[in-house]
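**Q** Protein sequence lines, in the order shown, are assigned to chains A and B. For the first sequence, counting from 1, position 14 maps to 14 in my numbering; every step adds exactly one. Remember, my numbering sits 414 above the position in the second sequence when you count from 1.
Keep in mind the hints are simulated off the structure, nothing from the lab.
Calculated pairs, DSSO-like style, for lysine-lysine (alpha carbon to alpha carbon, straight line, at most 30 Å):
1. B/K653 <-> A/K105
2. A/K39 <-> A/K369
3. B/K471 <-> B/K523
4. A/K71 <-> A/K365
5. A/K369 <-> A/K390
6. A/K71 <-> A/K304
7. B/K473 <-> B/K461
8. A/K41 <-> A/K390
9. A/K41 <-> A/K304
10. A/K369 <-> B/K653
11. B/K687 <-> B/K523
12. A/K289 <-> B/K634
13. A/K105 <-> B/K607
14. A/K365 <-> B/K653
15. B/K607 <-> A/K390
16. B/K461 <-> B/K898
17. A/K71 <-> A/K95
18. A/K352 <-> A/K41
These stretches of chain B come out as covered by chain A in the derived footprint (C-beta under 8 Å, 3 or more residues):
19. 569–582
20. 844–858
21. 952–961
In this text the structure is predicted, and so the values were computed from the model without any measurement. We treat Cβ as the ideally placed atom computed from N, Cα and C, and that holds for glycine.
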Amino acid sequence: MERRNFLKLGAGGFFGALLSRYALADATSLAAPARPAPKAKSIVLLWMNGGPSHLETWDPKPGHANGGPTKAIRTALPGLSIAEHMPHLAAVASKLAVLRGMTSKEGNHQRAQYLMHTGYAPTPTVTHPSLGGWISKELGAPPNGLPAFVSLGGPSFGAGFLGVQNGPFVVQKAGSAPDNTHPETDDARFSRRQALLARAEQRFAQQSGSPMVDDRRAVYARATALMQSKNLPDFDVTSEPQAVRDAYGDTDFGRGCLVARRLVASGVRFVEVVQDGWDTHQNNFERTKNQLGIVDPAMAALIKDLDQHGLLASTLVVWLGDFGRTPRINANDGRDHWPQAWSCALAGAGIKPGVVGATDAGGEKVVGKSFGVPDLLATCAKLAGLDPSKEVLSPIGRPIAVTDGGTPIAEVLA
Amino acid sequence: MTSADVDAALRTEWRKRGVTPAAPIDDARFLRRAYVDIIGTIPPPEKVSTFVADGSKDKRAKLVDELLASPAYAEHWADYWEDELLGQARAADIDRLALRVWLRDRFAKNTPWDKVVTDLVTATGQNGPGGERAQTLAAEEHAIARSSEPVNGAVNYALKYRDAPQDWAGAASKTFLGVQIQCAQCHDHKTEKWTQQDFRKFAACFMRAQTVPLDAPMTKGPHRALVRDIDRPLPRFMKNPDLDDIGRAAPTALDGTPMQGTLRGSVAAWMVKTPWFAEEAVNRMWAHFLGRGFVDPVDDLRPSNPADAPELFDRLARDFAAHGFDLARLVRQIALSEAYALSTATPGEEAARPPVLWSRFRTTPLGPNELLDAEIDATGVDDALRRLGRFDVEAITERLRTLYGFVFDVDEELDRPNYEGTITQALIQLNGRLIAGGSTALPGTAVARIARDPGMTDAQRVEALYLRTLSREPTTEELDGWTKYLADPPPLAPVDDAKDAGTPAPAAPRRKGARGGGDALARATQRIPPTRDPKIAAFEDIMWTLLNSSEFVLNH
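Construct all of the structure, not just a fragment, from the sequences and the given hints.
**A** Structure below.
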């Protein structure tokens, strides 16, 4: 066994060849169906984990007993007032579609989070793919080594029966390099080890006859491609000008939003950024104010920054959480779970700014036309160029579409 | 029914289909399979040598008995069922460790499977000991023993469904009977006979389990809760427009038998007497050992999804029921069968084609716990940590278990011919702290002991590394290649003395939940001093290569 032979099979050769094979496969699968150019090349989901109060965000009810001390402020969008602790978003509101007539049935966190990510209530029969999973499967990863689907600050939801390879690449701590992307050893030794491994793999593939060895090599090639990607620094925000970083805020969520902009610019298809801490059963008003102190500047900076980079027209930004919160304030000055009526917000990808839907005076029920989670996800899917009604067979042979019978919300589609 | 009966039945099937079974595997490979599948880790190196050298005819049977009697057997199957029953469910009042202690005790005593399932489905009582969340199984067991009120860890299964009795009905039917009644939750089943009303009547049996919280909402650690039955559907379910129809339906088993009394007791008694119950258990175990059940997916026994080798399937299921639902006996029948000891390859047959009727062994990825335990056992990284003296190794391992469970979650339900891995998994293998630490000659690691053992030749050292990781001797060609590599080890990049303290691990921020294990390990192995001796480094390269190889991470 000569070292020269090892090197011939090194990262450039063996893994490289495999990688290009996969890149090619992706390219052909993309080219095959003639789709119209999607409006949203990328989606950024700003996930408000725990269930944000609609009354302290997009649908304040000042003057009503349910409204509590929360005041409303005017925004740049004529006719839209939002809660007082969102001044940065108020300033960019002319880019927003605020959906106040949303409703769902899941009041348990896990079930609601599943519903919001997949467009389906959980059932024991099948694990539904999240929207990010569908997009990864249908649109594929960019050719630069970055994954198709990235989640920053939380686990997001996987691709269910579409396979783990279409699930999110999870980066727990936004703003710096993802875990384990730098080898323990120096680069020369890492390449040497890869060559040694390639040799061992070849022998085992022959001896065992298992197709899994090749599949595994392909996964390793994707991991190595990420490690060596010239876009790996996209995960690191330290190269951004201080003024930009300040605009997003010195918070994990702010850094996550900035990373999202960088990833979107590099062709990542679906980025989720998570802000936890919205489950305000106690002390709702102070806690939502603190939450908004993080989310408001970050989301507004993201919208402006995408716009300045010429990316807003091709990027859909979605603000969404588990459910709304009980309009009636509880004994602990908190609000409990309220799926009956809640709000979400969209920006970018050519959506029509404005307010869609409304709740009653106390924020308890949707009045007029209401929209469900499948409708919202169908809207996102449609903007991303997916056919919301296209069905794929689940492992037990049941046809499953992107959402559970959702209809794209015409009111926000330009 | 003996393993020989299983073999005869399968041979008949193979003849009918015109397939020739693959060649039998050698003892070393059998040993590795049996360890991985029965107790969830790889064999210790000395066991490989003694087992291969053992000349007795019944050594495989003795091995299977020995593994079934080991504590690791109970722990492995407690892991399997914890995952199966709870999935990734996390809630303040779910005490996962308490359920695992409960399950482990059942497998340790080989409690008949009908009794285990009955006790799970009907469980009442307190979920856990309360107080700070235990970090290890041993700590949990200790806390349960000291709890002022008796603890029944089985109720944590019921707590998963405290807000969703309809899901509980669907999951119980699917998990224990392989009957996917839940499709009929929303509409009459499209291909099977189940109607929506059948579903409602069955789900009505699961509407009366009441959860009484025992701790205040902001309490730290798992919240204590009491599960008990009341004599009518829970009022809060009856106020829910999705559930009130179920609450009004007459509680009935899937075959039309009316259910009475404490409905969960009635429905459990009915479940374990159905033919599905034995079939589903046999199918699961067969799939676990042989990579694909008689029916695939493993929990879908509907008539329109016919079984492979249906006669054998039926005989095994009847035999299981007739012999007291004895899981250990079933493990012996399967693990000592001819099919379990076949090679993964048949010369001349296209490898990409799936095997016909288990005529070749299917390679499957090691499960998360299997992989973690194999990596720890192979590297001795736990010994190295213990030697540092500053770390609770068991607690770190438990957190790593959570991390691996999250990252390496594999679907054992379905026979997947392809390996579907993630970038994150590959990165953990390539660069993660466990593999990095375990493949560095730190004091206490296996590679350090072996590389520095003055009594061994290089060839013996390579052999020792193979026995530890791949549970076999290297081939002549491999041995030859590695000894040459060691004879002329590649030079190392010069070490910057200013940074001689070692490569600092990336900053380890505090994280919660699934990611905690990696951090604990990162802190524990924060500074891995660079190896300066090219020869020692070459041994580390071998160890790293073996740990990253498919032969290590697959069950084959």
